[in-house]
Amino acid sequence: MSLPARGLKVKNMASGRGRNQEVILKLGDVWKVYQMGEVKVPALRGVSVEIRRGDFVAIIGASGSGKSTMMNLIGCLDVPTKGSIFLKSKDISKMSESDLSSLRGKTIGFIFQQYNLIPSLSAFENVMLPLEFLEYDDSAAAKKAREILLLLGLGDKMSHRPTQLSGGQQQRVSIARSMVSDPEIILADEPTGALDSVTGKELMNILTKLWKEEGKTIIMVTHDLNLAKYAHTRIELKDGRIINVSQKPLAKILPG
Amino acid sequence: MKLRKCLKHAFDMVVHSKLRSWLTILGIVIGVASVIAIMSIGSGMQEQMSSQLGQLGGDLLTLTAGASRGSRTFGMGGGDRFVFGGGGATAMEEEPVLDRSDVQALKSIPDLALIETEISGQVNVSYLGKAGKVSLTGVDPAVWFRITTLSIAEGRMLDSADQNVIVVGGRLSSQYFGKPLGINQMLTINGNVFRVVGVLDDQSTSIYMPISMAYQVLDDKSVGVYDKITLKVRDEEQLDATINKTENKLRMVRHVTEKTQDFSISSSKQMQQTRSEMMSSMNAFLVAIAAVSLIVGAVGIANTMFTSVLEKTKEIGIMKAVGARNKDIMLIFLLNAVLIGLVGGLLGIAFGIILSASLPALMGEVGMIRGGTLVTLDSIMLAISVSVIIGMLAGLIPAYQASKLRPVDALRYE
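Protein sequences, first through last, are from chains H and B. Numbering-wise (this note's numbering), the first sequence opens with residue 20 and increments by one. Numbering-wise (this note's numbering), the second sequence opens with residue 85 and increments by one.
Calculated from the model, a selection of chain H residues having no Cβ within reach of chain B, i.e. all distances over 10 Å:
| hint | residue |
| --- | --- |
| 1 | TRP50 |
| 2 | GLU69 |
| 3 | LYS248 |
Pairs of lysine-lysine residues, derived as DSSO-like cross-links and limited to a Cα-Cα distance of at most 27 Å, are as follows:
| hint | chain 1 | residue 1 | chain 2 | residue 2 |
| --- | --- | --- | --- | --- |
| 4 | B | LYS488 | H | LYS107 |
| 5 | B | LYS411 | H | LYS163 |
| 6 | B | LYS92 | H | LYS162 |
| 7 | B | LYS92 | H | LYS176 |
| 8 | B | LYS398 | H | LYS125 |
| 9 | B | LYS488 | H | LYS101 |
| 10 | H | LYS113 | B | LYS411 |
| 11 | H | LYS59 | B | LYS488 |
| 12 | H | LYS125 | B | LYS86 |
| 13 | H | LYS125 | B | LYS92 |
Covered stretches of chain B (in silico footprint by chain H; criterion: 3 or more residues with CB under 8 Å from a CB of chain H, positions within the stretch not fixed):
| hint | region |
| --- | --- |
| 14 | 403–413 |
| 15 | 485–498 |
If you are wondering where the hints come from, they were derived from the structure by calculation, not from laboratory data. Where is the CB? At the ideal position from N, CA and C, for every residue including glycine.
Can you build the whole structure from these sequences, using the hints too?
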């Protein structure tokens, strides 16, 4: 499989990835407190982190560490109780919900553990959906969706419903959906969680390619340390706090 | 999202929950069909009545003996009250009649242009071996042709010099006896033979003859006593005033007061107005009943929409995650409800038209639908707009609820 020709241009960027790039996402002392009846349960306690454009970040932690909450906040699906989140230097905690939706549609592509495809729509229609919300021109949108599905080896499955596809195929459709609007950030929540190890590995290869060749910023939330190996930056969460941030030398991940 | 795309997704939603959507649509279909059918009955009645109204001259008054139930209302010229039932006739020792003295009194009223006296009854007729019983009216041949609203199809009207001649109704002439009874044919009435000089342009089986002959044919009538006196008003604008004058005059002559009044004057115009008012209020009542089923249909839509929002919570979350704005979600759900309403409305109109066409056959000769049913364009437009508006209203709250779902909660929903 080869990703679009733009890969060449992006390769140059890869040399200095992560370090010299601008900050695309910044969390400043972010708190998220859930109200459980009478009790207030803090899921995040003052998290501050900067994620640079073109980085591959793994957010790891055991269940209950607050990583899902963090992923919801990064993905603009939720707003923090306290603190600020800047996405492309816009403070999302001050944005209206509609603006947030538009920003989300343009900037972030989601890959979920349970694929989250819409069951009544075909693979092709599922991939088209983000472009429809962005009010793309019909023929341009269709062309784009078709290209990406072909690229991900789903050329013959376009008119299939999600239920007619295997788990790996469904996850590839959801990757196609996350890429189609050409977002800068791809946010993956336990992307291999529902896949067997072989399919999971294939999927990680696709993500790595997106990062290396497309220059996407990949943020992956996982509890699986094996998956975290693919990432450049590792953010470890425990009890709602960041306990460790480490970076692998690029050479180890980027052969050549 | 563009409106067209929202519409497509809304349509997909209808298609993908077939059974539930169809059941909801059925609710609207029943409501709309019954409204259409009932409105068609009303329109049919109105149509029939307005054609009758055209036949009955607006400047004619009918005077009959006996205090009829209508006398008070019509007598006072109000026309907006109609007393149901209750014959109202006070127990009289002697049956009140109209006679020559009344005619004399009427002649002294300058506001009346024409006065025509009539008697009527049932007679046995026979023609070419076939016999039957029809109604006969004895009319004043000198005045009748000037006052009647009936028109002649063939031959001529009665003339003041006429004796043993008759004018017959259209159906009596063409069908009643199996063979046509035409001009100059002889008809036997209660044993006397009469010559047909005119055929009316109507579908009746009535016979009209000079009143002098009718007294001989109808043996229970005494000469000089009339069943009915028809009056033509000189100025139609002064109808109410003329009625008042006529009543006062007759009360004087007949030595009665307003309370003991033993005659009644009705104007065909007022009678028609009252009837049409009564019928339109009855019609409104029926439509209101039918509208209840439409409201039930609307509740059905709202119910379906709420269920749909619950069922699609996760999808709403997904859509929001991939960039759907609140108004996109709102629009999709609202359009879904409108589509259900619209499809229901269209099918309801189709069923309503079928229903109204078959109503006369289903219900037989019920008085209300004797005039047939008529589906008007107005009622179709009304049904469509009402069903769309109902869909929109019923979908409003569920759609709003859907649009306000927080993506993080919606995505977590299983």
